[in-house]
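Undergrad: Chains as they are written, first to last, in this note's numbering: chain A, 1 to 393; chain B, 1 to 257; chain C, 1 to 300; chain D, 1 to 359.
No wet-lab data here; the hints were simulated from the structure. Don't take each hint at face value.
[To be verified] List of simulated lysine-lysine pairs, DSS-like, C-alpha gap at most 25 Å:
no., chain 1, residue 1, chain 2, residue 2
1, A, K242, A, K284
2, C, K285, B, K23
3, A, K186, A, K161
4, A, K180, A, K319
5, B, K113, C, K285
6, A, K116, A, K390
7, D, K298, A, K187
8, A, K291, A, K368
9, A, K181, D, K298
10, A, K94, A, K72
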Amino acid sequence: MSQLRSFCVVTLSLTLAAGAASAQGAVRVGVLHSLTGTMAISEITVANAAQLAIDEINAKGGVLGRTIEVVKEDGASDWPTFATKAEKLLTQDKVAAVFGGWTSASRKAMLPVFEKSGGLLFYPVQFEGNECSPNIIYTGAQPNQQALPALEWALGQGYRKIFLLGSDYVYPRTANLILKKHIAAKKATLSGEEYVALGGTEFSSVINKIKAARPDVIINTLNGDSNVSFFKQYQAAGYSAKTLPVISFSIAEQEAQAIGTGLLNGQYATWNYFQSLPNPANRKFVAAYQKKYGAGAAITDPMAHAYMDVYLWKAAVEKARSFDPKAVRRAIVGISMDSPLGKITVAPNGSLTQAVYTGLSGAGGQFKVVAQSKGVVKPEPYDALAFPGKTCP
Amino acid sequence: MPSERTEPLLDVRGVTVAFGGFKALTNLSLQVPPGHLRVLIGPNGAGKSTLLDTIIGKVRPDSGEVRFAGRVISRLPEHRVAGLGICRKFQAPGVLEGLTARENLLLAARRDKGVLSILRPPTPAEQTRADELLDLTGLTGRAAIPAAALAHGEKQWLEIGMVVAADPRLLLLDEPTAGMTAQETAQTAALIQTMAGRHTVLVIDHDMHFVDLLNAPVTVLHQGQVFREGDLATLRADPAVMEIYLGRPREAAHAQA
Amino acid sequence: MDFTFIAGQLFTGLSVASILLLAALGLALSFGLMRVINMAHGEFLMVGGYLTYLAAQWAGPTLGDGYLWVAFPLAFLGSALLGAVMEFTVIRRLYGRPLDTLLATFGISLILQQAARHLFGSTGVPVTAPTWLSGALTVGDVTLPLVRLFVIALALAVLGGMWWLLNRSRFGMQVRAVNASREMAAALGVNTRALDLLVFALGAGVAGVAGVGLALIAPVNPTVGAAYIVNAFLVVVVGGVGSVLGGAAAAVLLGFVTALAEGFTSVSLAQAALLLLVVAFLQWKPRGLIPTTSRALEDA
Amino acid sequence: MKPSPGALVTLALLLILAFAPLYLGAYPLTLLGRVLALSVAAVGVTVVWGRAGILSLGQGLFFGLGGYALAMHLKLTATPPGDLPDFMVYNGVERLPWFWAPFASAPLTLLAVLTLPAAAAGLVAWLMFRRRITGVYVSIITQALLLAFVTWLNGAQGLTSGTNGITDFQTFLGIDLRSPGTTRGLYWVTLAAVALALGGTAALLRTPFGQVLTAIRDNENRTRFLGFNPAAFKIAAFMLGGLLAGVSGALYTLHLGTISPAMIGTAFSLELVVWVALGGRASLLGSAAGLVLGQLAKDRVSSAAPDAWLYVMGALFVLVVLVLPQGVAGLLARRPRAPQPPLQPAAPSPVPREVSDAL
């Protein structure tokens, strides 16, 4: 019965809260991530990072003199829920902007809602490109800001035979489609390509195929916990970073901790951000996050993007002197700032011009930067080699 | 009203049924002419229930065949067998508990039982028939109550009503008086006797008192085979029949009763 | 397609079979013998994994790699206790209502997943196999990872233990008696209620032990159980409900079919094909590889 | 026939809902429209599970077939003539796959929405029931089939758009899907579909067809010996459940503007069942209302306390089967009736002589 009672209390208090929510002078923004379900592992910390930025801004007097009020919603790792909650945030809470989403599927589900209602979504995760909505600010890496630099780096290290391994969903498939075109163009060898269902835990066959293919390097786009299984079984099969290096696009500090540092030591990851970046903005961000969410908390690329997204929005609002999403979208182009990622600028297509780093995994799930792009890389949503003639409108 | 024709309505020919290594029926043959009443007795494990299961198509014989009105039925699915006019009343009351008493009777009385023709509401004739049977079984006052809520005796009568409503050519009764009082048993025996003639009836029981009341030819099964056939008085005098009941005091006592 | 690859895939088949078997063996007790469909079975595997993690945390500093020998009894007892509580509070009230049991146990699996999230966070916890399991045996060109061999041995040991318990022990005789006829067994003086509790707890305990093995090669996180549950049920259904050896045969069959399919097509296509194959197989043998003929089953 | 109290309540509720656009805000109306679309599938579950006793954990398969059939049409409509849908281009597909071609036509699509899920359900049911697979086996097999379907959808990305699902629709039958007026129109269309599903199914279950389903649920063998072929009836019931799930999927796709494998997976199919169980598995109105209220509650509670939500959901599963096996509808149906007098113990109820005389 107590469960029933708490259920009633929760429902009731919610109803009351809805009435009292429109505090004078505050501006509402939405934070929409999976707080439950399979994606919660990654998304809760991203939501935390956005919250941290909002708290910092509020502590300093808010935006245009108004404090930011967060409406936090749970996408529950369920794409229609993302669409439904986005609709609620835009039409009922009338938020000025939404920070959220991780999987492409959740973004695709939200996209029609944002286009219909003219809302503005800040999406903080690396993705497969091939999309260019005027209602979305894509701050995570485009394929040319993560996958291609990683390939270049691998080729530069003398790795010529490349094995592509990924989870069976859109990002790995598209990223690999692009990579294959570039592997062919660079006259390197594609020695194999395998996909495992999302959440898959059995890699015997895959490792056996890798063994038969004898690649120089594996480019890994496995998602989430499949990485844990893969690296455990990869090591058990007698492989190590020395005998066969793996470059991953979805393993950041947090995933590295979960996989266990012993398994990942010496492997590579490519991102626009590592917790170990020495710039002052990052030191401040890391210290603030760990103060609020625990000293050992790992900090990842999507978290840094989510944190920075809030500041980008603030800068655009102040530049536009308006909270209107259309005005903010217009104003945000060209905004530049020193962020934890280093110097970034918003390109006209709504993505970031940002640097790319390749890191070597080491103790405590941290990565040491071993290579970085020359300067910043402009975002290209459509790969010219794989999808010729496609551009943002 | 014994039939003029000599061809049996039910003709079990050399049926063998084995479960794993155990032979429940061994080369068993049995004929029942149309309109006759036949009683089947035998100690536990003699194969009585397996024989009924085979006739209605629940169990497939390993060899031999079952013919009904000249047609081989031992390879037909149960509902087709039922459709030919063979109806079985189980030991436990087999009423449909989620339906009302009247709905039970209406479904039993239905002639067309296909998926599409079922959409037709019951005909006035079927309705009349159901109401008659409700009246006759004393269930009129309980017509709209789910069968699950009926008392045990009421369920037994309802099922007998269903059997009557189905108007089968061959009626298989498996211990129809289980759990009945002496008076009810007597009335049931009388009822079954009247049904013979229009229907062909095969009764399984080991209550010798009841078998006596039925006053019909008896077949004794033993170890999956027909052991003896004859009227009850003759069989009682047969020491071999007594022999197979030995070691089973209860039934032996009944047999002597 | 060279010999090494084929030999490697054969070993893969054996590995997959051992994992399927481990995931399914507990079900062979609860589903196979008691007809209880426990959708929370995967969560017992999960509990086994988390207890392995805890064993490594507590015993690791003193025992080092020996933590594994603490993990097995801990996982067995922990899962069995949880199973016993579940049987006593919920499942006991639902005997004879298999579909309702399915729903209730699914609810329990949601609660257990969320509890794991509360206790250990939504990120998985790291479990590292002992160093003596980190190497690999090399036969010709074929690599046989020690941890895989260990999991295969574990599956065989659990299978053997269960077979002995069911077919050679007094407990097993009572279990089989109840399975054949509950009333008769009760009349013969078997305490069927206590036995139900024991069988269910044992099935849960076996799942916990399996969870230790799985933790060595797969992640330990709140949703890991859900990854195994459907395949585990398929193993039991294909093997023939109520038959432990049938389950083992089914696991081997499915393991090799998986390895074969994965060897020649993409891994994720093989998964879909396997599921369809199982449905087709049930057309051919609806009662599984080793059907149990009992009246009790027919009425179930 | 006199309308039952249930029918009157249903009618009154539908009437109240018909005027919802006048008193509800934009977001609540959208939400209500969506859950009403789902409730059509719940009506199907009532037929299949509540009446015929078959617990399918794979309703998402038929829901998905309906949804994808419509989504393929909408995607083709939104693609400029001569072009391929964008996701195909991004996956290196160069020609429109053959099974996409018929969905360029709106009438064929509507036909497919109505027939494809029902036909698939019929096939699945035929495979299972002709081999007399029953009970939990059906649940496991339907779940496995659904999983196979979802795995294929995810894997065959060039043909199905994989995990992203099919999205970015513009118009349907010439109507702009993104205009606010469409939301309102779609709401009424959905409500009409719910009314039709409830009314049609109720009418069907009132015929002896419904009685035979109940008979099969309670005692399949007995029904068989009465001369009915349970397999045929179960297949029919399953097809009806599939049809309703398919229609529901198509409506839901219209409401949401997208369909993806995650929307139809095992979690969806199980949730469908639990809301039906909560509302009352044997009651059409109960299960539809259970789904609508359950989903609305989920929306609210999961917003307020996302961590608590899974506990609430899990506890509901357990409590419903332990305490309320007939759901809220069963509770309400039981209460108004005066307490029944205790049944007479098997008092001798002799067969009147007339029975034998009548023979």
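Undergrad: Now tell me, hint by hint, if it's right for this structure.
TA: Structure-based check of each hint:
With a C-alpha separation of about 35 Å, the suggested pairing of K242/A with K284/A is violated against the 25 Å cut-off. Note on K285/C and K23/B: the hinted pairing holds, with a Cα-Cα distance of about 23 Å set against a maximum of 25 Å. Between K186/A and K161/A the CA atoms are separated by roughly 11 Å; this keeps the pair inside 25 Å, and the hint holds. For the suggested pair K180/A and K319/A, the alpha carbons sit about 42 Å apart, so the restraint of at most 25 Å is broken.
Among the hinted pairs, K113/B with K285/C is inconsistent with the structure: their alpha-carbon atoms are about 29 Å apart, more than 25 Å. Restraint check for K116/A and K390/A: the C-alpha separation of about 24 Å stays at or below 25 Å, so the hint holds. Using a Cα cut-off of 25 Å, the hinted pair K298/D and K187/A is violated, with the two alpha carbons roughly 54 Å apart. For the hint linking K291/A to K368/A, the alpha-carbon distance of about 23 Å falls within 25 Å, and the restraint holds.
For the proposed pair K181/A and K298/D, the alpha carbon gap of about 45 Å is over 25 Å, so the pair is violated. A hinted pair counts as satisfied when its Cα atoms are at most 25 Å apart, and K94/A with K72/A qualifies at roughly 13 Å.
Going through the hint list in order, the structure does not satisfy hints 1, 4, 5, 7, 9.
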